[in-house]
Structure formats: C-alpha cells, structure tokens
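There are 4 protein chains.
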Amino acid sequence: MNGNRFGRLFQVTTYGESHGEAMGVTVSGCPAGVELDEDLIQRDLDRRKPGQSMITTSRGEPDEVTINSGVQDGYTTGTPVGMVIQNKDARSGKYEPYVTAPRPSHGDYTYSAKFGTRNWGGGGRSSARETVNWVAAGAVAKAVLDASDHDVAIKAHVNRIDDIEAPEVSFEQLLEHSEENDVRCADPETADRMQERIEEYQAEGDSIGGSIYFEARGVPRGLGAPRFDGVPARLGQAMMSIPATTAFEFGLGTGATEVTGKERNEDWEFDEGDHPETVSEAGDPVPVGNDHGGLQGGITTGEPIYGEVTWHAPTSIPKKQRTVDWETGEAKEIQVVGRHDPVLPPRAVPVVEAMLYVTVLDFMLLGGRINPDRIDDRPGEYDTDYHPSSPHNE
Amino acid sequence: MNGNRFGRLFQVTTYGESHGEAMGVTVSGCPAGVELDEDLIQRDLDRRKPGQSMITTSRGEPDEVTINSGVQDGYTTGTPVGMVIQNKDARSGKYEPYVTAPRPSHGDYTYSAKFGTRNWGGGGRSSARETVNWVAAGAVAKAVLDASDHDVAIKAHVNRIDDIEAPEVSFEQLLEHSEENDVRCADPETADRMQERIEEYQAEGDSIGGSIYFEARGVPRGLGAPRFDGVPARLGQAMMSIPATTAFEFGLGTGATEVTGKERNEDWEFDEGDHPETVSEAGDPVPVGNDHGGLQGGITTGEPIYGEVTWHAPTSIPKKQRTVDWETGEAKEIQVVGRHDPVLPPRAVPVVEAMLYVTVLDFMLLGGRINPDRIDDRPGEYDTDYHPSSPHNE
Amino acid sequence: MNGNRFGRLFQVTTYGESHGEAMGVTVSGCPAGVELDEDLIQRDLDRRKPGQSMITTSRGEPDEVTINSGVQDGYTTGTPVGMVIQNKDARSGKYEPYVTAPRPSHGDYTYSAKFGTRNWGGGGRSSARETVNWVAAGAVAKAVLDASDHDVAIKAHVNRIDDIEAPEVSFEQLLEHSEENDVRCADPETADRMQERIEEYQAEGDSIGGSIYFEARGVPRGLGAPRFDGVPARLGQAMMSIPATTAFEFGLGTGATEVTGKERNEDWEFDEGDHPETVSEAGDPVPVGNDHGGLQGGITTGEPIYGEVTWHAPTSIPKKQRTVDWETGEAKEIQVVGRHDPVLPPRAVPVVEAMLYVTVLDFMLLGGRINPDRIDDRPGEYDTDYHPSSPHNE
Amino acid sequence: MNGNRFGRLFQVTTYGESHGEAMGVTVSGCPAGVELDEDLIQRDLDRRKPGQSMITTSRGEPDEVTINSGVQDGYTTGTPVGMVIQNKDARSGKYEPYVTAPRPSHGDYTYSAKFGTRNWGGGGRSSARETVNWVAAGAVAKAVLDASDHDVAIKAHVNRIDDIEAPEVSFEQLLEHSEENDVRCADPETADRMQERIEEYQAEGDSIGGSIYFEARGVPRGLGAPRFDGVPARLGQAMMSIPATTAFEFGLGTGATEVTGKERNEDWEFDEGDHPETVSEAGDPVPVGNDHGGLQGGITTGEPIYGEVTWHAPTSIPKKQRTVDWETGEAKEIQVVGRHDPVLPPRAVPVVEAMLYVTVLDFMLLGGRINPDRIDDRPGEYDTDYHPSSPHNE
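Protein chains in written order, with the numbering used here: chain H, -14 to 379; chain D, -14 to 379; chain C, -14 to 379; chain U, -14 to 379.
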C-alpha cells in the first residue's frame, strides 16, 4: 500500500535511508522452530556488501545485523523477527549540492515531488542501500525453506553486461561458479570479458546496464493463485521493486513473440521416476521441455522456474551534467561525486535471490505446503510433544 | 491473496469460468458522482468481444453487462459497482477428452494439481474469458478518471507479431489508428503485414506470439510508493496477471543492457510552459528526454509512462499432440478443437488498457489526487450543497 | 479498506442496495471439493428472510440465491463462488420524503455526508438487507467446515430483549430450541415473554433493543495471531460490522470488572480423555473452567468460544419525529412509514452465526488446519489420484 | 494477517518480546512535514512506563525510544519511521518454572499450542510490554493530527474499578484531571476510592478488573467505510487487540438493550453555528443528542465518538495455583512471582488513546481528509515551493 511491506503470509516490512541511523526489517509470519542466527544472515549480507571488489562502491559498511526478537536459543519462536543494521559510513556532505538541484535520472526529483521534501543524504530512501533489508529477509526465508521437508534451490547469475551475453549454463554450473568471480557470472570466460568491459566504462567515468538470469528448482507443483496472484504476477512485482530494473521476463520472455504454438507447446508424458513427487503407479504427467518456465496458467508445474531481470546503467556517474535549482531558479552544471557502482547486476544477484526466496516461501505458505505456525509438524496434526526452549535442555 | 482481487483502494474482485453460468466483477472504491451506465461499459466490452474479426475465435458471446448496484440515475453512489455478464455460448462437450488428459501447455494440469479438480469446460477459470471482467472494471476506472480534474489518456497497440515490428508511433497516431484494423496496430501498413502473417499461421493450424506497446499520458508526477509499491512493481504485477504474458518492460526495457549511463541520463531543465502543473515563476524541473519511461525511483515524473508486454503464442492449436490420461494411465494423441484465437495481442489491447486504467486510478487515489469518496469536490472541503439523486429532479 | 470485503484467506466481497437490482457476494478462497449447492445456501437465507413471522418486516423477498461460478457437479472447484440474490419487492416511493431530509438515527445523513449522495430507496447500502450476502457467505463457510476433518459447531440465540434476560442454556439447548420460536430464544418460557414484550412495543409504534449470545464448539486450540489478529480482535470487527450493534463481549465481558484474579484464574489439569485432540499418554493441559471464553492471549484454548453482541432498538418507527430538509432549508415533521422490524436480534441470529462461520474458517485456514486449495487431502502430500469432475463418472 | 500489523494506510508493524533484546515498531504511511522527535514520543511512553506508581509493576524499564529513520531535521520525510526501545530490566530466571508448566489464565499454553514453543521469559510476545510499541506509534499519529488542519482531541480515563464507577465527566474534566492521579480517573474523589480498593486487593495478593471510558472530539463527519470497515468495526478490532480486554462498547453500549426506539432516536435540527464545518446559509443537519456515540451507519456524524473498554483482572497473582507439567506429566503447585500490576486500566489509558489516534488518523487518510504524502498542502494542488531539508537553512 504505502510501499514498505512485501509478502502476504510471509511479510517483510522495512525502513531506513542510505545515510540514516540504521536500516531495519521486520519479518512477520516466520514459522517457529527454524534454526536461525545472525551469522547465517550475515553470510548473505556479506555477498551484497559494498566494497567487496574493484567494481563496487567503496563505501565502507560492515553491514552487521542484530536480531532484536523472534529467535530464542537459536530457533525462531513464530513471533516477528526484528532486525537492525546500523549505518556506519555515511558521508552526507557530498550530497549538499543536490538538495534543491536534482541529480539527473535519480529519484531526487520524484521523491521531492511526492513528499515535498526528501532525505537527501546518499539518496535517502531511494538508495539501493535499502536492499540490505531484503537480503536479510531473504536469508530468513531461505532458513525456513531449508528447515522444511522441501528441497528448494535458488540461484542467479549475471548473464549479460552491455552486449556480452553468457552462454546457457546448467543449474550445477550456476551453483558452482557464479560466486567465483566479482561479476557473478557462472561462465568464467564470459565473466572475464564482462569484468574487462565494466572496467573500461568505469575508466571513462561511465556506467553500463546488464541483466540477471535466475532459476528456482524444487518448487512444488500446484502453487500460485490465479488470476491476480499467479506466480508470474507476484514475481514480476518482486523483481520490478528492485531499484533500476526495467524488465522482467520468465520462460521464453520477450523471445516468445517469434515462437509459434507448434514450436512452443510441450507434450505431456508420464514421469519416469526422476520427479520426486510421483507416487502413483501410472506416474504423473510431466511436460516434455520447459519453454513454459515452470509456470502454466500462473501455477507451478514442478519444472524449474526461470527468467531474467534487466537493469539500466547506474545513474551516479562523474560526467558533467546539467540540472536546475528550484530554490534559486538557476540552471547549473553538476558532477555526481561519491562512491558508486559502475554496473548493478553483480551486487544485485543476492537481492534477486532474496526476493525469490521470499516469494517462493510466501507461495508455499499460502498453498499449505509449510505449516505457517511451526516447521516441525504438519498442519492438522497436533503435536503434544512440545519443544519449548528450556534452560534445562542446555 | 487468493487471486481474485486486484487493486488497493480501487478494488476489483472477479469470478467466473469460461463455460460457467456467468462472469462477475465487483468494483469497490469507486467514488460517488461519476457518470456511468451499461452502454459506456459495453463499448469497451465490445472491443474485447470474441468473433469480432477473422483472426479471433468465433465463439458467439454477446458479452452484455448488467449493473446490479452502485449506480443510481446514471451516477455512481460510492458503494460497490456489481456487474454480471452471462455466458451464452458455452459448448463444453468438446472439452470432455481433456478432463483427465491435459492439453499441452494449457492450465489444465496445473489447475488440477492445485485444486485436485477443475472446471474443465472451455478452460474454466484459466480461460482468457476472465478478462471480460477486467475490461468492465477498466471502463469504470476510465469513467472515474474522465470525471476527475485530471486529463489522463491511455492507449495501447500491437507493436510486434512474430518478427514483424511496427515503427515508433506518436501518441496521436495511437489514438487515431490503433482501432482501425483487426490487428490493432496503429501503423496501417504494418497492420496489413501482421494480418497476412497471422492468417498464414492460422491456415497452417498454428499460432504465433506478439507484443503490445502501451502509453499513459497526463499521469501526475509524484505518484507511486517505493519500495514495494512503486509504479513499475504494480504495473508489472498487473501486466503479468494477463493470461499468456511472458515479459513486462518499461522505458528502455531489455534494451537498457546496452545503454551507458552517459547515454541514458537525462539533464534537468526548467519547464518552459508546456507542463500544465507548473505554477511557480521559476518553472519546474523537467527531464530532457524520456528514456526513463515516466518513472524514476518508482515514482512518476509527469512524463508519459510507456512500456511493452509480450504474449506467447496461443496454446490451443489443431495440431496433433501427445498427452497422458491420468485416469487410464495411458498415453494418447489429442487434437485441440474448439474456437480459438491464432494470436493474442489484438484482443488483449483493451485488456492492457483496462489494467492501466485500474492501476493508474489506484495510484491517484492512494496519492490523494482524487477524492476517494466523491468526485465532485476536493478532500478537506465540505460541500453542503448535496446532490442526492432526487425523483423530483426528473 | 473500503468496506466491502471481509476475511483474510477466506474472502467475502459484497455489493448491493436495499432497493437496487440485486445483492451479490463473491466468496474467494473456498477450497475445492466441498459439497455445495443453492439449496444448502437457501436454508440459511430462509432463516434470515423478511416476513417469516409477525415480529419481522412484511417485505416480501423470496431471497433466492443463484450460484454463478465456483461449483461444478455439486462440488466447489477452488475458484471463487459468485452468488446473486435478486431484489424483488422494492417500493422506493415511500422513501422520497427523506431524500434531502434525513430520517432520525439512520445512516441517511452520514452516507450523504460521506458520498455527497446516496441510494435513498429503502436505506440503500446502509440497509440490513446487505446481511443476506453475509448469510450466503456463512453458508459456504459452514459447508467447508462440515467437509473438513474438524467438528466445529456454532449456534446463537437471543438472550435478552429489553430487561428480559434468558437463563443460561446449555449448547444442546441452543441447538434444540433456538429455532423453535419466532424470537429465536432457546429458553421457551423466556421466548414467550420476549415475544409478548416485543408485540407491546410494536403496538405502541415503538421498537426495542436486545442482545444475542453465541457459542462455537470444536474450534481447535492454537488458532489466532496475536497481537492485532487475535481471535477477539477479529471477532470484534466481525460483530461490530453488523448493523445497529453497540457492544461486543466475550467470556466474562463487561462483568469482568468485578471479578478478581483469584476468582477468574483457572488451574490447569490433565485432560482426562474427553478432549478429542489429546494423543499423548500424559494428556494435555486443560483449564478448569471457561471464564476465559475459549481465548487466552488472543489464541484459542480449545474450550468453547462464547460471547454476546448488543443491538440498539430499530430506528425505523412510525412515531412523529423532527428533521430538516437541506434543500429547502426548512425544518419539518416526518413519520417513517414502511415495513420494519420492531426488534433486531431475532433476524440477526443467522447473521451472527454466519460471521462466526466465516471468521472461524478464516482462522483455520490461516492456522494451516484446512488445506486452502482442497478439502480432500492434506497439504504437503500430493494426491495423484485426481478427482476431476468427469461426465463419465455419472 | 499474522498479527503484527495494524492499520490500512497508516500502518503500524511491531516486534518484540518482554525479555527479548528490544521492542521495535515501524510506522509506514506517515505523511512528510510533520514535526517529530524522540522527546515527543517519550512523553507518551513515560505515561505507560512501568514503575510509575505504587499500583504498577516495579520493573525498571526506562523505555527510551530511538528513531532510526523517517525523520530529518525534526520533520518526517514521508518514509517509514523506524523506532527501537531496548529492554533493559529483563529477569527471565523467575519464569523457568513455567517453561513446560503453563501459568493459569496466561497466554503460556496457547502460545505453545500454536507455535510448539514460546519465548517464555516474562511472557514473551504475549506480554503487555508489546504495547510500548503501540504507544510510540500513537504518538506519531497524534503528531500528524496535530500538524493537520483538523482539531482532533482524544482522551480516556478509568471509569470503573471493581464495582466503583466514576460519575459522568465532561471532556474538559477528562483533559484536566485524568492524569492527576495514579489511577487515571478524571473524578478525583472516585480516584481516591479506586486507589484504596486496588491497594486492598494488592495487599491480599489478588488483582481486580476495570474499564476505561474514551472520547474523541473533532473527528470530521463522513468518515468510515461500511460495511466491514465502519468505524465501530475497526475500533472494535483495535480495542479488542489490547491484552486482557473482554468487551468493547460505543454509544449506549450494552445499555442499549433496554432503550426503546422512541427514547433513542434523535431528531435533526439545523446547526446553529457551533459546528465548525457548516458553511451553507441554511446550516447543516445536526442531531439533538448523542446516544449514537458519534456513529450512524458506521460513519461519523461529527459528534463526539465515545465508548468503553473492559479489562479482566491481571492473571499474574502471587496466590498458589495448580498447573501441570507437560514434560514430566505431573501436576504441580505454582506461585507466580515477578513484578506485576494489580489492575490494568490505569496503565492502559495511554494505550487506548494510542489505538484511537492510530485508528482515527487511518480513517482520515482513507477519507482523503489529510494528504497521505505530506501535511503541508492539499492533494490535487502542486506545491512548487519545495521545502527540502537543507544544510544551508541551519
């Protein structure tokens, strides 16, 4: 409604500005009994952290998370998980020239037009710093999925920078290679070329766009609530919430325009045993192929869900640009200084994964596949063997 | 949540299956005082109606809407507008072979996997017939916008079928030409080529994909609630709810990967008078160019909002295909008969427009630009000059 | 948000005015596989229907429901259940004098103040006629509960009219006697006295207040999401939505002010076998007594949930009263004619029960006790033995 | 949905357990331009704080709030206000005996039944400590209302303890006297008697129930969205969310049963000038009397909104009681030690007021009476005179 909450049963509520006191995220709807601690969340925050390589901003944020509630003796209690990440390395001074003279193509003007004011330090709430909250929430969602009976695996990598496109990679390659290089491209050779290209633009004081390929495996079939809460619709909302995104695709994506029905339609055959959910003797219908991206009629087929998200080039570049000052009424030249990324997808990989974890878990809760109250038993069955956290157990 | 509602303050709730008794839509949150009647809604329904040309299904639905509530003496009363459209030409018999043997790439299997059953006639609730409800709701939203002080204009056209792409068209061309041909492409020459191509596929018993370009003008700046309710996120959800869509883009879309920051960034200059909202002497900052698609930081800049949506080829084709019957345990050959569209975008134009109307109005209500209770005066001011509908006025 | 929707996972959306074309209700979130038809819903509508006795309005509405969607071959399909009830006996003429001169203590003035207009015939949307939609939705909720593995029983009766109070009755008495008399009081002797009293007021052209006692048995323990979605909070919202209600209580209610902690606190003992959910050898803790009304910390204990709702006297009375005409600027005398109830609780009994069914089911879905997609198997397990409705099965 | 969020446009999301690290609250939907700092919030927190008198718990919590976001240079920015209150004086040791043996009539058993575990220290999330978050949110809502063009005043006091009932008091008395004594009763003589009675129970190791009367003045007419979002329904939800409440009433409340229509109905007359909103020459209809409690048809009439909320006696009492241990399978005797309140309403007065502020503001935002984005100008008008916070202004 007012932009600071995502999710239906698994609800993520966030606050924070780039140069404010702290970032904060409340995860409500996390089942009890899930192993969770700050280290586990920290691992994902570290992957998103600024300053991790030459092609990211040099802002020095440790991004250390504190869990204020919802966890006891290393396990969630079913009550909201409140987390805070202090902002440590804010240097607002550099942003003073832009207070009344908006930086080109940033959110400066629109935030001021909406609110009549804005927190101008570091872009305030329009900054991608906000996504630190999302990654923390995604780590919680991942912990829930890992603790469940399901075997969901999610991974993303950078598949395009400028006109350099990665070849198709297997899910195993994704898992194995995408975190090995600074670009986060699972094809090492392409990663090198991308890195080189990014450095060229960086050297020119310019920036460049790119895209991310994502894949989710093990998401049970039958999830998604058409017509307005289908998986494509909610994934679309999730991905288009990420700052600087301009496109969301799944399955054949924009390429679907040139594919005929005969080419794209996939016959059904009986599952021959490699689909873990099959329990009938006859087997279950499985599609021959996955041009449908794991989704038919807005509902999961059990096949891998995959797609792409596009980012435009970062708007903070040292090039001289022109703006106007609405206080003085004068046009002026500005140069955006500060510590900025020359390209967005490499640091956005954990953000895309986080939004996938949150969205997939939310659908699994809505579809009754995970007990919304506690992870350790099934809905409908009552567990008299309570497991309250006890000081005597230690 | 469970898929049958869209919108936050302007809420659209729908029901209905392709071969069920009737389709129904409840529009809640429509301000009072808006001129509305069945004829006005019918005009848009007729644009979506089946059987309107050689390249649409021949199903003979009159699609006549009945307003059951919320309107009195030709004006809305602020209470929910309940509408019903009877299904008249349902012929379920043809769908019997698919009851336990899913059609390739339809929603047959996933609906059954989710619900353990499904309304199989004509695709039941997974059918695009549902969008008749959306067009009715969009017509109500359009009526509200038209009655407001704002001057919002929305139009879409088919800009790509297979590999045939329309040249860039002006908004005026869109308004003037897109309804002139069966393809709904605003460039007449391209429309002819598209029509020909579609007929070729149709003759081969095949179908083809395509895309729609949309544009919204006059949407006030300052709308959209980042980070999760930004305009791109909610538009993305809206468009990815439309059946058979595979991609949503705005601004440069997927093309943004190859554009550098220097190329894409747009300087600010002072408005020189052609932006209606400017009231200060100094003028207001306006961007030089619109690669940003009217949206910065998820909030409207006041520039036109534009983008594209992609559809895959229709899955109902007369080609012989293979499926399995989960009741008999046998594989079998099927041939999808029935009355179907060889391409989706032409009939989806009014659907895209409807989702835009609903989404834009919702943001205008959320942003306080339109009185949520009544259209005839401004919030905060009390109008003692009541205008209740009176029998003595007639 | 805008008043026409109730429920979280089990969502009820309504429309309709007293003298409009039709009333309508969409039930979204009803699991598939539930036996449901119009007769079943009609049985509850008939209990709420006007004209059923001397102490109800004589308006002649048959209140016949049509199911437009969501049901196939007598079972729900998981898609929304759309229902319509035509208005047949609207006589708006009598309401003309009140178009610009509000009836005392009705919603006439406030609806006009809010919307700048209103549907004035029969009170329009402010009329209790709206509750016909709620009773239809409640019947669907009841059908879902009946089809589930749970054994929920809900019943209400009129326990107070004026200063006549019914003695405490057992749940069995409630079930057996509350529908036996026109007052719907489960104590026959009290019912007679209430009936007499009501007729006295009716004869004087006056009306009187009263209250309803409700009880829900078999609601599983552990339901309710504190702090803002606890069962008391959501029941409170449900009951205070019913027209003309002025108080909601549960457990000791307002009487709790005079009870000490020692008196009210209830020891825990081991369940000795009469609580069906107990499966452990040790037994389960059960409270000795039920002053807590089945709810502790906002969550169900498994004990019966009970409480009371109060109605003020109907405001439509034939007495001469004074009002002002905002069009003419003149004060004037009016006399509310029409067909009205001299007391509200008797006809409100099915409405209270409906709101209980809807609220309880919603909590059971939220708590994972009922599969949100289908009633016939458990979440987490995949049923390959599909039961699609088949013409060949008949 | 899952209990940790309240409000529609003005959204309050909370976390925290009694003996956890910290309590936290995120206020989303707070317009920009509202003067706000920690001192202002602290003033209300201090009124709710433990240890403020002899009749409250002696737990030593300073309850100091930190604002982490949403405020810049003393004014809100329109982005979410994130607040944290550290827990300082948690002594969990005393609660160890209850880990597997629930305290009578607390939330111990139900939380464990729901989640399979619970944070047992100090009652965890079921503790009334949570309401510190609500009071902080209420202070923000009050600041917004104070900064608006409206003149809303809200006050509550304790009107009943045991069988001691305060006489009717004027709103001026409420404002003047209710904070003068520890009981928070606006009638000093009654307050003394209540204080004495509470101390008697306290001395006996017992506790007692009571109730609060609340009143809201200056709430504009025409607010509230029937049928499910009427003001009574949402106030009912708000008040029944407060821990240990058992009844909500407005207007005549439970007393309405014995009042006839003739007695309760209120004639309309023309406003003679004391209603600030009247602008027509003829004046506006105003009701003669306010038995309706400011609400007709679920919508505000502009008259004062008033009602009552009832609390049962605190359940934490030093009396010996019996419980069972579900781990050992043994019954046992327990005695609840700790620092507890002998009566709840005195400390609940700021909580009731907070929930009123939040609910009233939410309705004003929904009704378009306050600009949802910023307080300093009206919706629909664009203010080019930006007021961004500037370092040069200082």
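Where hints are given, some of them may not hold.
It does not matter which identical chain is used: a pair holds within one copy or between any two.
Said to hold, decoys possible - Only pairs whose alpha carbons sit at most 27 Å apart, straight line, appear in this in silico DSS-like list of lysine-lysine:
hint	residue 1	residue 2
1	LYS317	LYS34
2	LYS73	LYS247
3	LYS317	LYS73
4	LYS73	LYS305
5	LYS305	LYS317
6	LYS247	LYS305
For the record, the hints were derived by calculation from the structure and aren't laboratory data.
Predicted model, so just to flag it, every value in this text is computed and none were measured.
*asked:* Run through the hints listed earlier and report the numbers of any the structure violates, in increasing order.
replied: Structure breaks hints 1, 2, 3, 4.
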